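Engineer: The chain contents come next:
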Amino acid sequence: MKQVVISPITRLEGHGKIVVCLDDEGNCKKAYLQVPELRGFEKFAEGRHAEDMAQITPRICGVCPTAHHMASTKTLDDLFKVEPPDAAKKIRELVYSVFMLEDHAIHFYILGGPDFIVGPTAPRAERNVVGVVNKVGKDIALKIITMRKTLRKMNETLAGRAIHPVIGLPGGVSRPVSSEEVQQLKKIGDEAVDFGRFTLKVLKDLILSNKDYVSLITSDAYTHKTYYMGLVDEKNHVNFYDGKIRIVDPNGKEYAKFDVHEYLDQLAEHVEPWTYIKFPYLKQVGWKGFTDGEDSGITSVAPLARLNAADGMATPEAQAAYEEMFKTLGGKPVHYTLANHWARVVEMIHAAERLRELANDPEIMSPEIRKLPTETPREGIGVVEAPRGTLIHHYETDERGVIRKANLMVATQHNAARIALSVDKAARSFIRGGRIDDGMLNMVEMAFRAYDPCHACGTHSLPGSMPFMIYVYDKDGNLTDTVKRNLP
Amino acid sequence: MTEKPKIAMYWCASCGGCEEAVVDLAEKILDVVGLVDIVFWPVAMDFKTEDVEKLPDGSITASLINGGVRVTEHKYMVEMLRRKSKIVIAYGACSSWGGVPALGNLYNTKELISRAYNEVSSLNNPEGASPQPSMDVDGTTLELPPLLPRLLPIDQVIDVDYYIPGCPPTADVTWNALKALLSGELPPKGSVIGASDKALCDQCPLNESKPDKVLIKDLKRPHQVIPDPAKCLLTQGLLCLGPATRGGCEALCVKARMPCTGCFGPLDRVTDYGAKAASFMASIIDLQDPEALEEVVDKLPDPVGTFYRYTLAASSLGGSVRGNKS
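Line order of the protein sequences matches chains A and B. For the first sequence, position 351 (counting from the first letter as 1) is numbered 351 according to this note's numbering, and the numbering increases by one without interruption. For the second sequence, position 249 (counting from the first letter as 1) is numbered 249 according to this note's numbering, and the numbering increases by one without interruption.
Chain A with its partners taken away, still in its complex shape:
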């Protein structure tokens, strides 16, 4: 069968390639998104000091290091059985809100946005941030760049570093927030909310006002009906930092709501031999292959899934934007994959409003930011909503706090099965009769890009099992031998 290979897939975090298989008529028969890399974090976590995991696991992903840092820090609280002071929790959530806003912004303006702001079938050399700058003008580009820089600098101060933060410790955070920083934060909070509003306007003016784009967003080529998962607070509103995991079925009905300590009862992982990424699914529903619907355990995470899985947003302007989105797109749940771009902007407004709330909370300046652990560590589990979805860390240690076992269920993994469905369907919809051009292939890439996947996160681990094949290389990396085990 003839293959067309897109390699590497671009404007995402990490590695990937798409293989499009054509039949004799030149129609796409099947398309695969393969993730060709792995590093092995779960294994080499063994032997490490548990508290170092908060700095080691961010190296899974330098785009969302703060998500791993916070998931790890919360896992350490649980592991050492220590409850951080309220101020410490608020500082963590403040840092997290700053991070969510800038991370979503980078996707909207640099990674995913060019597909719409510049155009899905614009020339390859223009479909990028430079094309965005040319389209929106240098003044607006500078406004976006300056906002991002302000947010990154703020987190460098609050969390030690924007890339690979260091403040998280079991029982709290390492540094307090000063009164000068709070003054700065209050100003940034107002600017951030303005920036969220501005981004919603960009979305409306440049994307939603274009009828062709709207029909693309709502087309069957980019639609799948799956379960949706995300963290919610006690009012079932979206929460990025804490709460219970809630799952709704493809009709929008609550399927489960549980504490992360029960994740192994609810979730399981499936392995396919053609990719290094694993495919989590709902354990009780079961793995039914690459198919959507109520009978298939495939679930989805990230912005659209979070909004589908919740009853609303915890802040007023985000709630208004949430209502507008669902009203326009025909009510909950929304199954259009490309609506993730809209949901992401709703979440930017939420992150900005939460940042402003926390900046104005007097407790944020409290010097009570740490409680030293006194209990012997054994096992800990923690969860946050990463920008790309639900992120679970799970550690077991010896009595010295040295990791014996680690399991990480990472955002992009939860989306992997639905992304596989999306890429396959988009390719089958657009590639017909042997006609293939660059714009068409980009429209296939748009099917994964909307999720803002992170394949570095997705392949932190080494999935795989017996049987396997061992390649033997000499010191220069030349293949010298191949050993097969349990293979025909």
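Some clues are possibly wrong.
[What the hints assert, rightly or not] Once the Cα atoms are required to be at most 30 Å apart in a straight line, the calculated DSSO-like pairs of lysine-lysine come out as:
(1) B:Lys198 / A:Lys283
(2) B:Lys198 / A:Lys138
(3) A:Lys89 / A:Lys371
(4) A:Lys405 / B:Lys220
(5) A:Lys138 / B:Lys179
(6) A:Lys135 / B:Lys28
(7) B:Lys110 / B:Lys198
(8) A:Lys371 / A:Lys29
(9) A:Lys143 / B:Lys4
[Stated by the list, open to error] To give a feel for the contact side, a few chain A residues facing chain B, derived at Cβ under 10 Å:
(10) Val35
(11) Glu46
(12) Arg59
(13) Pro65
(14) Glu191
(15) Phe258
(16) Leu267
(17) Lys278
(18) Ile392
(19) Arg400
(20) Phe430
FYI, nobody ran anything at the bench for these hints, they're computed from the structure. Just so it is clear, the structure is predicted and the values come from calculations on it, not from any experiment. Ideal Cβ placement from N, Cα and C applies to all residues, glycine included.
Given the coordinates of chain A, assemble chain B onto it according to the supplied hints.
Structural biologist: Here is chain B on its own, set in the frame of chain A:
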């Protein structure tokens, strides 16, 4: 008008933090884009491998490569970029010395694959499927690049001209290095660019509180002590690796009251960062009684993850550890 220099940026076994570090140049990015033609940058631009393969050999002015070489595809890509480029720069800790993912070199690939798989509690895989280098699926062949036996810094695969340190390099360090590159004012081949050859203590706000000779009688892990924010962390028993580490980050971690973990790597003329750092730490422990000494050393159950967190693949231990555990 003369042609603009062509720049490529690529990632191997990396986390994407190095890409974000470049984006952190913020408004300076617009200057860079004006001065150079970026011909390959998968995180942000849609040029594909085939576009780079079509370029003449030696036509890229400089390739900045981050991430270590973990799978065969990385090896192909760095070799290809070497051919296409006049200058190759190892950008960041992973491409320079392996970085955090090189801790995987403590295990061989068989162990990594089988143990990681069999022990992960969330898996449900009764048929024992696993990723295969070549696989027939519904009449089509799909291929995956297999793992190399160890993760390699890129200079163990190709010739490297310069190194930009850090996990990740900061925006200032990146900018210093780019200025040197674009002005053509480059030091001898093999040099570190963008950061000084002074230890981190030189940039540390707590350096004034550090005595000429640090001596300690106890070790603390970061979660075991709330340090005095005005005093050198080393003197408080926290293993701050600043004295053994190249400056350049402006002591970001220490300013957040956390010890330096050594991500800017060794100073010039130091070949094994971890050995240097460990011997320095041994020299400041002020205990004569062997039992007391042993008790203190036991407080640090993971010396490899402490001293070699970013440099294992470039160390003298790098290869020999592999295979010791089976």
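Engineer: With reference to the structure, classify each hint as holding or not holding.
Structural biologist: Outcome of the hint check:
For the hint linking Lys198 (chain B) to Lys283 (chain A), the alpha-carbon distance of about 55 Å lies beyond 30 Å, and the restraint is violated. Simply put, Lys198 (chain B) and Lys138 (chain A) have alpha-carbon atoms about 39 Å apart, too far for the 30 Å limit, and the pair is violated. The suggested pairing of Lys89 (chain A) with Lys371 (chain A) holds, with an alpha-carbon distance near 12 Å, which does not exceed 30 Å. Between Lys405 (chain A) and Lys220 (chain B) the CA atoms are separated by roughly 23 Å; this keeps the pair inside 30 Å, and the hint holds.
As the CA atoms of Lys138 (chain A) and Lys179 (chain B) are separated by approximately 23 Å, the hinted pair is consistent with the 30 Å bound. Distance hint between Lys135 (chain A) and Lys28 (chain B) is fulfilled; the C-alpha atoms sit about 19 Å from each other, no more than 30 Å. Annotation: proposed proximity of Lys110 (chain B) to Lys198 (chain B) is violated, straight-line Cα distance about 41 Å (limit 30 Å). Using a Cα cut-off of 30 Å, the hinted pair Lys371 (chain A) and Lys29 (chain A) is violated, with the two alpha carbons roughly 58 Å apart.
Restraint check for Lys143 (chain A) and Lys4 (chain B): the C-alpha separation of about 27 Å stays at or below 30 Å, so the hint holds. Annotation: interface hint on Val35 (chain A) holds; nearest CB of chain B at approximately 9 Å, less than 10 Å. The beta carbon of Glu46 (chain A) is positioned within 10 Å of a beta carbon in chain B (closest approach about 8 Å), and the interface hint is therefore held. Because the closest C-beta pair between Arg59 (chain A) and chain B is about 4 Å apart, less than 10 Å, the hint holds.
Interface restraint check: Pro65 (chain A) against chain B, minimum CB-CB distance 6 Å, threshold 10 Å, status holds. A hinted interface residue such as Glu191 (chain A) counts as satisfied when its beta carbon comes closer than 10 Å to some beta carbon of chain B; here the least separation is about 15 Å, so the hint is violated. Of the supplied interface hints, the one on Phe258 (chain A) is violated, with its beta-carbon coming no nearer than about 14 Å to a beta-carbon of chain B, more than 10 Å. For Leu267 (chain A), the interface hint holds, since its Cβ comes within 10 Å of a Cβ in chain B; the closest pair sits about 6 Å apart.
At about 7 Å, the closest approach between the beta carbon of Lys278 (chain A) and any beta carbon in chain B falls short of 10 Å, and the interface hint on this residue holds. Interface restraint check: Ile392 (chain A) against chain B, minimum CB-CB distance 9 Å, threshold 10 Å, status holds. Against a cut-off of 10 Å between C-beta atoms, the interface hint on Arg400 (chain A) holds, since the closest Cβ of chain B lies about 5 Å away. Taking 10 Å as the C-beta contact cut-off toward chain B, the hint placing Phe430 (chain A) at the interface is violated, the least distance being around 17 Å.
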